[in-house]
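The hints should help you fit chain L onto chain R, whose structure is shown.
Residue numbers (our numbering), protein chains in the order written: chain R, 298 to 617; chain L, 298 to 617.
Hints may contain errors.
Copies of one chain are not kept apart here, so a pair can be met inside one copy or by any two copies together.
[Stated by the list, open to error] Derived lysine to any residue pairs resembling SDA-like cross-links, with alpha carbons at most 25 Å apart:
#1 K319 - D446
#2 K394 - D446
#3 K482 - F423
#4 K394 - E302
#5 K319 - L429
#6 K432 - E320
#7 K432 - N310
#8 K517 - K579
#9 K530 - R463
#10 K530 - N599
#11 K482 - T598
#12 K319 - M379
#13 K482 - G352
#14 K384 - L570
#15 K566 - S554
#16 K432 - P360
#17 K547 - N396
#18 K482 - S416
#19 K482 - T422
#20 K384 - N398
#21 K319 - M450
#22 K432 - L373
#23 K319 - E455
#24 K432 - T314
Because the hints were derived from the structure by calculation, they are not lab data.
Protein chains: 2
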Amino acid sequence: MTLYESRLTAIENYLATTEYPKEPSNLYDPIRYFMALGGKRIRPLFTVLSAELFGGTLDNSLPAAAALEMFHNFTLIHDDIMDGAPKRRNLPTVHEKWNSNIAILSGDALMIHAFQELSNYEANTFKALSSLLHKTSIEVCIGQQMDLDFESMEVVSEAQYLEMIRLKTSVLLGCACAFGGILEKTSTSNIDHLYRFGEQLGIAFQIQDDILDAFGSETKVGKQIGGDILSDKKTLLYTTFQHRASSVEKARHQQLSKTSPEEKIQGIKQLYLDCEVLDYCKAVQENHWQKCQENLSDLETNEPKDLLKELLNFINHRNY
Amino acid sequence: MTLYESRLTAIENYLATTEYPKEPSNLYDPIRYFMALGGKRIRPLFTVLSAELFGGTLDNSLPAAAALEMFHNFTLIHDDIMDGAPKRRNLPTVHEKWNSNIAILSGDALMIHAFQELSNYEANTFKALSSLLHKTSIEVCIGQQMDLDFESMEVVSEAQYLEMIRLKTSVLLGCACAFGGILEKTSTSNIDHLYRFGEQLGIAFQIQDDILDAFGSETKVGKQIGGDILSDKKTLLYTTFQHRASSVEKARHQQLSKTSPEEKIQGIKQLYLDCEVLDYCKAVQENHWQKCQENLSDLETNEPKDLLKELLNFINHRNY
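If we strip away everything but chain R, and leave its shape as in the complex, we get (with noise of 0.2 Å):
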């Protein structure tokens, strides 16, 4: 991402700075802790790169993009509470580091200091980024608890799944892109565009995932393969395929269930490409780059659309 570097310098050098209270200690040193953990910072570097499209300032979008990256960061220690997950970019979560209520409360706190954050702006901004960030944060609870759910449902619709992926990932996405918009005081229309650019590209870069953690390779995705088949994920793969397969297949994929980690995995791979279903998932993905790709193009600006068409290209060809 080194075309994006002195952006990216730039949150970090933000959120670095963004001051807590010091104490009490339990409250502030696992926020502190979390948001230095690091991560991509695609959704202030999206909101940043919005905003210059319509002639903004890095001075003027920070506060807006370090909001989100706070915001996404309460979901994050929340979420590991949520899956019991032990480790997060390596390192313990916040309630293996402490404990659950500790992760409760900073994280409830770090959600405050995000909206928060916010007041940087003048009222009729403050307004219009608050709304939108209200908006989008109810959506985001919405399609955590619809992924919680899924786990005790024997079956899940595609257009359930989309709905899903798309409330608990690609909203964010949307709501980073249309900050740079509200900021510069574009067209509703554009930032209706900027929005659908995001959403889209949320959604199709969570397929994406879905398809990597089944069909990647282990060395260039950087994590073990198959975790979604071992755990039975509701993801694109899994519905398609329950949507696809003849019952002998099915009876083929429960049999599977049994068998060694290893044999669930190659087996179950088998199984969706007999039943073209990386095929068809890869499709779907297809019509959301399209559509991202689309918004993009539909954007009226003076200033050249290079950088967010780099990001997209990048994003696009993560290697399988």
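Chain L alone, transformed into the frame defined by chain R:
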């Protein structure tokens, strides 16, 4: 509280007709359940009455009043998880009736809905209300963390204790009163007096609660007496005793921990009387009542302050 019946009915109606999304039911059923559990609705009542002091109407003050009640209920849902509390108002808490994950997430969503409720106001009022609520919300989290930290501390000073209850419970009452002034765009000095009025009232109220928990009459207080003593809770009585007791009295206090619950309660109450703990705490409480009343007197308004004075009296004369 018959004097306030019309306002309380309006508040209940407003809360009851607040529409949350129908789905996912695991996210919104807990919110609807908890908001319908009732409670004194003291915070929204203070917002409504404070606004009236400056000519405000119910119609205008209800959204801000409701936001505070929603925020307060969010804190209760999360506090109940942290305290492992099985009951709230004699009914199962959210994490008991559903589970902890659902309680975390529905609490998060309720907090966001509280902030969102403020967008009923135009941009400048929205920003003023939001900024105070953000500041207050963060203080509430800090107060809750201090309270959790106290559990594992040997010694808690009076100053630490008073700061904890100020943050955990009183600043939200201050915020509720200040909201009325902000809504009616009264002077900064009036808003400040409203805030201090609520804040000092909250502190006095909490100290009174501590005293009643040990020295109240079971039938009049409506709950079992001595709970704080049994759990060695760091109340003002406890910290005052630690400060005033001789080493012999402290040793006696420790001994009493090994006796039966009834003996422990009676023995420690006697120690509190011997060390003049009760008188001291009543004096501290009185001091905060005084400040509360001073701030009410200092308010410059053409409306009569009778209703707030009555409410103050009502709260101050809960029976021992």
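These are the hints, each one checked on the structure:
no.: 1; hint: K319 - D446; verdict: between (38 Å within a copy, 15 Å between copies)
no.: 2; hint: K394 - D446; verdict: between (27 Å within a copy, 16 Å between copies)
no.: 3; hint: K482 - F423; verdict: both (12 Å within a copy, 19 Å between copies)
no.: 4; hint: K394 - E302; verdict: neither (31 Å within a copy, 49 Å between copies)
no.: 5; hint: K319 - L429; verdict: between (30 Å within a copy, 20 Å between copies)
no.: 6; hint: K432 - E320; verdict: between (31 Å within a copy, 15 Å between copies)
no.: 7; hint: K432 - N310; verdict: between (28 Å within a copy, 24 Å between copies)
no.: 8; hint: K517 - K579; verdict: within (19 Å within a copy, 68 Å between copies)
no.: 9; hint: K530 - R463; verdict: within (17 Å within a copy, 46 Å between copies)
no.: 10; hint: K530 - N599; verdict: neither (44 Å within a copy, 64 Å between copies)
no.: 11; hint: K482 - T598; verdict: within (12 Å within a copy, 40 Å between copies)
no.: 12; hint: K319 - M379; verdict: between (27 Å within a copy, 22 Å between copies)
no.: 13; hint: K482 - G352; verdict: within (10 Å within a copy, 36 Å between copies)
no.: 14; hint: K384 - L570; verdict: neither (32 Å within a copy, 52 Å between copies)
no.: 15; hint: K566 - S554; verdict: within (13 Å within a copy, 63 Å between copies)
no.: 16; hint: K432 - P360; verdict: both (19 Å within a copy, 17 Å between copies)
no.: 17; hint: K547 - N396; verdict: neither (41 Å within a copy, 32 Å between copies)
no.: 18; hint: K482 - S416; verdict: both (17 Å within a copy, 19 Å between copies)
no.: 19; hint: K482 - T422; verdict: both (8 Å within a copy, 21 Å between copies)
no.: 20; hint: K384 - N398; verdict: both (17 Å within a copy, 18 Å between copies)
no.: 21; hint: K319 - M450; verdict: between (44 Å within a copy, 19 Å between copies)
no.: 22; hint: K432 - L373; verdict: both (18 Å within a copy, 23 Å between copies)
no.: 23; hint: K319 - E455; verdict: between (47 Å within a copy, 21 Å between copies)
no.: 24; hint: K432 - T314; verdict: between (28 Å within a copy, 19 Å between copies)
When the structure is compared with the earlier hints, violations turn up for hints 4, 10, 14, 17 and for no others.
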